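**Student:** Both chains are given apart, each in its own frame, so use the hints to dock them into the complex.
If you read the sequences in order, they're chains A and B. Using our numbering, the first residue of the first sequence is number 1, and each one after it goes up by one. Using our numbering, the first residue of the second sequence is number 1001, and each one after it goes up by one.
The set of hints was computed from the structure by calculation and includes no laboratory data. Values in this document were obtained by computation on a predicted structure and should not be read as measured data. Possibly wrong hints are sitting among the right ones.
[What the hints assert, rightly or not] Using C-beta positions, here's what the derived DEER-type ranges look like:
(1) B:Gly-1138 - A:Ala-40: 53 to 59 Å
(2) B:His-1180 - A:Leu-76: 38 to 44 Å
(3) B:Gln-1105 - A:Leu-76: 22 to 28 Å
Yeah, the Cβ is synthetic: ideal placement off N, Cα and C, and Gly gets one too.
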Amino acid sequence: MTVWHLDPEAIRRYAQGAAPPELAASAEAHLMRCATCRDAIASHVDTRRVEAIWREVVDRADAPRPSWPERILARLGVGEATARLVAATPTLRGPWLLGIAGVLALSVWAAQVDERLLRMLLVAAPLGPLAGVAVAFAGGLDPTREIGLAAPYSGLRLLLIRTAAVLGVTVPIVAAAGLALPGSHWLAAAWLLPTAGLTCAALALTARMTPVVAVGVVATAWVLVTTPTAMAGHLDLAFGVGAQIFWLAVAVGGGLWLAVTRNTVTIKLGRSA
Amino acid sequence: MTVRVRSATKSFGRTTALDSVDLDAGHGVTGLLGPNGAGKTTLLRIIATVLAPDRGTVTLLGRDPSRPDDRTRIRERLGYLPQDAGFHRGFTVFEFIDYVAILKQMTDRRPRHDEVRRVIDLTGLASVSAKRIRALSGGMRRRVGLAQALLGNPDLLVLDEPTVGLDPEQRLRFREMISHAGEGRTVVMSSHQTEDITALCTRIAVFHRGRVRFTGTPNELTAQAAGRVWADSQRSAAALAAWRIGDGTFRNVGDPPAGAELVPPTLEDAYLLLMGEPDLEVTHS
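Isolated chain B (complex conformation) (with noise of 0.2 Å):
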């Protein structure tokens, strides 16, 4: 496993974010799934080496982040794009990803300049890589600070939020980019969008209020739901969550009455149905 984290707590004054959460990510893409407060940026803050947890252990690349050998050696092999990734805005995108590269300690000049070519070549970027990044819409901005964590090929890639303020063409660019980079690689990656979340991870982990509600496939999440999603002519008492779809029936999620239509479950409806059911717990191998 290049993720390895258990019974991790960490507190900010009163607050717990995070509730001796366990958690293991090998090669491909992980999701983390919960709404915003959930403990997801904590735990990720604590995967890329920014925060340490109060109690619990974390072993990331084969190594203890805790001690400071170890983490330079993880940092060497570990790519971060951060929920609020901030720029240099008077950097032009060539300048900002080559100050990272610097900070990634490339700091011969030419191979540096190759690789952070590459990284602008990967993402998209060449077109505008003279241009300021203050003058760069959202999206773009979104993927300089992509192309940053791709430098060095790192093992470790983790992603906070990377398609969050997108619109929907570059959301599918962005999909299509992380699919690409988990590929040999491991990705942990945050989103309270379910759909980015099918499309791209091969495990899911779901957060609430600091603790770990599910761990699985999306298939297994989704499977919870088997059952418990239907079909109506009107919003039903009994469900959980119910809203009109495009045939102007209601889908209702919960426990349904006796003879209710029921339709195939989404990982949404899952999602929804875990997030209802507070006590629930449950974890897949």
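In isolation and in its complexed conformation, chain A is listed as follows (with noise of 0.2 Å):
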């Protein structure tokens, strides 16, 4: 049974949060048993406080776990509403990986038997990486489009996070397929520029058509001119430093031209309005 209370000192500063930890923790055992010291310490409790913890509680209780990579964001500093909108991204689902992944495989081991074949892995790389980012806005792919072309979410700032969250996985996995061929590693790791360049040049694009058509006039671009040359063994003219330069001009350019015009271009992400 209890015998003592809680002196008004103590009541006053447990109730404002003020108490040390040992004299918090000591007050909130007391407080368990003793229904004297609830009472007085009832007048001293700020009720805004206490509600915005208790909803604090309730909506940590209530709402459902982060899925993990909604948590491996969190964990690399993302914001939770941003990391809820990468883990709808339709691209990053685990059969479209595991396509691009098989499909990589396949092309590293034709590579090996064939020089050309290496060549034209090259030329295949970046297309990886910005089909990645057409899917992710294809209509029959993404479920809720309807639904987010109706929304008032920035049509950029969704584009953008979802082309960084693609271009985040799919890039390491080409990489990976890149160390595995035979030859320079320079050479496996030429491709990189020109998919930073082709995917800023497609962001560009959406403001005049929607992110599929874009990526596909720049992937036919990128084939029809590489091809010929990759065909031929220049691979100077689309991976060579020259080249690289260029296509780090066209990453810079094609960013700043979206910094610019973040507000004053509408970015079509479907047939829409």
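**Tutor:** Set out below in structure tokens:
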């Protein structure tokens, strides 16, 4: 049976959340058993603070635990709202990623058999991440596309979030495939800047056309220009130092254009208004 | 008027989905009635700012959706349930509605979660909020669609065939929810079920082949069939449509023969007559 009570100063400090940890722990244990002190503390309690704490407790207990990709992103410092948008990106689903990995594994095996196939793999490497960007906005694969089109969320922001998510996952897969190629590792990494340039060019085109069409235009131009030179063995034209500087300039230029026009240009996420 | 559409025309290739359509909708539930392919979904997608008309003007909530700034302001006050609302099936009900809430720019976690819980309670989904969407029945998924449309208490609610695929009990529950949602805001919904329209709508527009064939109240549409519905012991050759009813007699709709036993018309009779008379267009102010 409790025979002592908290003194008025302890009650005031505890109620205001100003008690040191040892006093707070002792007071809490006592309050669980002592109705007199509970009554005494009631008049000191800020009801708004208690309600805010209670709402937070309910929210923590009631809201579902974030999925593992969301938890990883949160640890990397990504906001929980952005993490949820990333988790809903269609291209990040297992079957799609397994498909990319499978095609690349076959390509690497083929490139080891024939040098011409190695060159074609370099031509094809940027197309994987680009296709991922297109698929992230393809109507058939994004089940909530129609709802998303009618929502006020910034089209450019959604486009950049999904593109970053797709590149963040597909580039390491393609890079791993590149490291398995015969010959120079530098050559195996030569597709990275073209990928960045092509992606920025496609994003810049989304003011005029949907992401799927923009990626189609850019990818077609890339294949038409690079395939003949790569097949002829002139890899420098598409992947040499001069070409790398060109693709860096395209990537920077596309990024700057997106930044400058972010408030004035409407991104066409679909066949929309 | 919350919704004002004038001379809206929209084509897909050679198909004209909407042909110079006018529509006004204010507070309460306005129903678009018509057969499949009549243009209802195209008009609703235009009102939801998902599509732009090829020609004509649209004003929503006093703003012009063809202007980017206005379009964003409209979308902030709009709820939309598409006909084939898709879901991320791996998400739980709570996660999915939370995802749409983020798209509706509710970025602060706690108020957003409070709003998600509000619409979940409103649509009777509390008991399944932690369930994955792939485990839900079609009726429950339709409720999830309605719940996401109600996020943020929108002033304009656009519902495309909200009761399609529901069993009779679910349809009644849905009607109740839509009726409740229509209090104090503008709801524009489509249906090819005349019962839904009769039960819910204060105004209706009947669509046929991309054109509006009738606008007015349900009673005004029903009145179109006065004197043109009769009971008979057999199917009448003069009827546009005839079917046997519970007492074994035939209900005939069309131009009755002399001496026919006229019966009070329903909205469905008037709708059938309107669909059977291709040149008729009726507008009530």
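**Student:** Each hint should be assessed against the structure and marked as holding or not.
**Tutor:** Here is how each hint holds up against the structure:
no.: 1; hint: B:Gly-1138 - A:Ala-40: 53 to 59 Å; verdict: holds (57 Å)
no.: 2; hint: B:His-1180 - A:Leu-76: 38 to 44 Å; verdict: holds (43 Å)
no.: 3; hint: B:Gln-1105 - A:Leu-76: 22 to 28 Å; verdict: holds (23 Å)
Every hint from the earlier list agrees with this structure, and none is contradicted.
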